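S.K.: Turn these sequences into a full structure, and let the hints steer you where they fit.
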Amino acid sequence: MSRDSRHERSAADDAAENTLARPSLGSQLTGGLLVGLAKLLSGSTSRWVDCQPDTCQRVYFANHTSHLDAITLWSALPHDCRRLTRPVAAKDYWDKGPVRRYLANKVFNALLIDRHNVKVHKSPIDLMIKAIGDTHSLIVFPEGGRSSGEEVGEFKSGLYYLSKKRPDLELVPVHMDNLNRVLPRGEVLPVPLLSCITFGPPIWLQAKEPKTEFLKRARESVIRLKDE
Amino acid sequence: MKTPDPTTIWLVGGTLVILAIATAAGQILKRRYDTALNPAIVEQFHLRIRSWWIICSALAAAFILGQTATVVLFGGISFFALREFITATPTRRADHRALFWVFFFFTPFQYVLVGFNMYDWYAVVIPVFGFLFIAGRIAIAGDYKRFLQRIAVIQAGLMISVYCLSHAPAMLTQDLPVPEPNGRRAQDSKLDNERDLGEELGADLVSPSEGDPRSPLTLEDKARLLFFFVLIIQLGDVAQYLWGKLLGRRVIAPEVSGDRTWEGLFGGICTSTVLGALLWWATPFRPWEAASAAAIVTAIGFTGGMTMSAIKRDRGVRDYGTLVVGHGGVLDRIDSICFAAPVFFYLSRFLMSG
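Protein sequence lines, in the order shown, are assigned to chains A and B.
Residue numbering for the first sequence follows this note's numbering, beginning at 14 and increasing consecutively.
Residue numbering for the second sequence follows this note's numbering, beginning at 112 and increasing consecutively.
Calculated from the structure, these hints are not laboratory results.
All values derive from a computational prediction rather than experimental measurement.
Ideal Cβ positions, reconstructed from N, Cα and C, are used throughout, including at glycine.
Where hints are given, some of them may not hold.
[As the list claims (entries may be wrong)] Just a few of them, taken from the derived set where beta-carbon distance is under 8 Å, the chain A residues facing chain B:
id, residue
1, Pro91
2, Asn191
3, Glu200
4, Ile236
5, Arg237
M.R.: Right, here's the structure in full:
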C-alpha cells in the first residue's frame, strides 16, 4: 500500500492511527501483565489443529460467550502475532470509563465499532478494512453478542462482506471452550476454571458462494473444533 | 538457615540420588526402541519421575527456604487441583458466586490459617463454615435443579483438594507434642536424668515452662517428617503398581480401576511397611511406629487413588490431565497424598502424644 493511501486512511479514521503508533512501554507492560493474568484466570490452553501461528493477515472468528473471550484469544496468540492482531469490540462497552478506554486503545489496540449508530458511508466493514491495512489481523465474534455458551448462535453477515472485499484474508475459526463458566454473562468476578482455545484450519470465501451458505460453513467450522 | 543435620542430608540426598538413577534408567529405556516394553508404560514412568522431581525439589526447598515457602507451594497445588476438579464436574450458572468464594476466599484463607498455625480454625473453617456457606449461597442464587448434587460436588472438591491437602504443610507449622523418653529423641541421657530428678523432687517443683526437659520438635524434624510421608506415599504407589504387574490376578473393582489388584495392594502395603521401618531414623517415631504409619498411609493413599478413579469414571474422563488438553493433571499426581495427609497428620499427633 502506498504512503499516500496510508496517510489518507489515518486522516479518515482515528482508530487507524493507532495501528501505526508504537505502543508505549507502559502499555506494553500492562499488556504483558494482562496476558499473564488472563492465562492464569482462564487456565487457557491453546491448540492449533491443522493450522499454525502465522503473522500473515488473518481474521480469527470465534464463538462468543464471555467478556474474557477477546482478551483470552488475544493472549493465546504468540507474541509476534498478538502484536499485529486487533480485536474488534463494541464501542458501547469499551468506550466507557478511562480504564476500559485505555485498555482498548493503548493495550489491545482494539478496533471499536459502534453497534447502534451505523453510518452509511462508514460501515463497520469499511472501518475494519481500513484499520488492518496490509499488516494487521483481526479478532471478530460473528455471533454479534454473547451467547449462553451451550450453543453457537447464528453468524451475522459481517464476516461475509469482509471477505468479499478482502478475499485474500485467511479466515481462522476459533472455538473457545469453557470460558462461559469462567466469566458468564452478567458476572463481574471470574472463577478460574480451565478453558481451551482451539484454532482450526483457515477457510476462504469461495467464488460465487452465497452468503447464507458461507456463513453456515463458517459457523460449522467453529462448531467442529469443539470435538477435535 | 543453619546447616542441616546428617539425618536430613541422608534422607534428602538419598532420595535425590535414587531419583537421578531412575531418571537415567528412564532415558536408557527411551533410547532403546527395540525394547519389549510397552511405550505407554515407559511414558508413564517418565511422567511419574518428572513429578517426583518437582515434589522432591519443592520439599527440599522447605529445608532451605523455610515453612512459608512450603505452605505457599501447597496452596498453589491446591488451587490447581481444585480448578481441575471443578472443571471436570458440571456446575450451573447459579453456582458462579459460590465458586468465586471457594477459589478466592476459602482456598487462600485455609493456607493462611495453616501458615499461622491456627489449628483450632483450619480444622473447622472448610468442613463447617465452607459447608454451610456453599449450600446457603447456592440456595440464594435461586436455581434448585440438582441442588444437592451441585453443593455436594463443590464441597467434595474443596474438601479433597484444599482441606485434606493442607494437612501436608500443616505438619510443618503445627506444634507437635514431644515424644516419649524411650523414643529416639530421648537418647540424650541428660534429659532422662533431669526428668528423674524432677520426679524425685515432686512434679510441682518443676514448672512446665522452665523445667520441662523435653524440647519440641524443630522445623527440620517436622520437615523430615513431611518428607518421609511424601516419600512413603510415592514409593507405596510404585510398589503397588509393580506388585500388581508381577503378581496381579484379582482386580479389586474392574469398573473403577482396571489395574489395581489385591495382590498389588498387599504387596504395596508390605513393601512400604518395610520401607517405613527402614527409614524410622528420619522420623521422631520408634521403628514399629514408623512401620505402621507407613502401612496405614499407603492403604489410605490407595483409597484416594480409587476414589479419584471413581470420580473420573463417573465423569467419563480418563485423566484429569486430558480433561483440558495440555494441562498437567495435578489431581492425578496428588490423589493419594490428598487422602493420606490428614490421616498421617492426626496419626503423628497421636503417636507423639504417647
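S.K.: Output the numbers, in ascending order, of every earlier hint that fails for this structure.
M.R.: Violated: hints 1, 4, 5.
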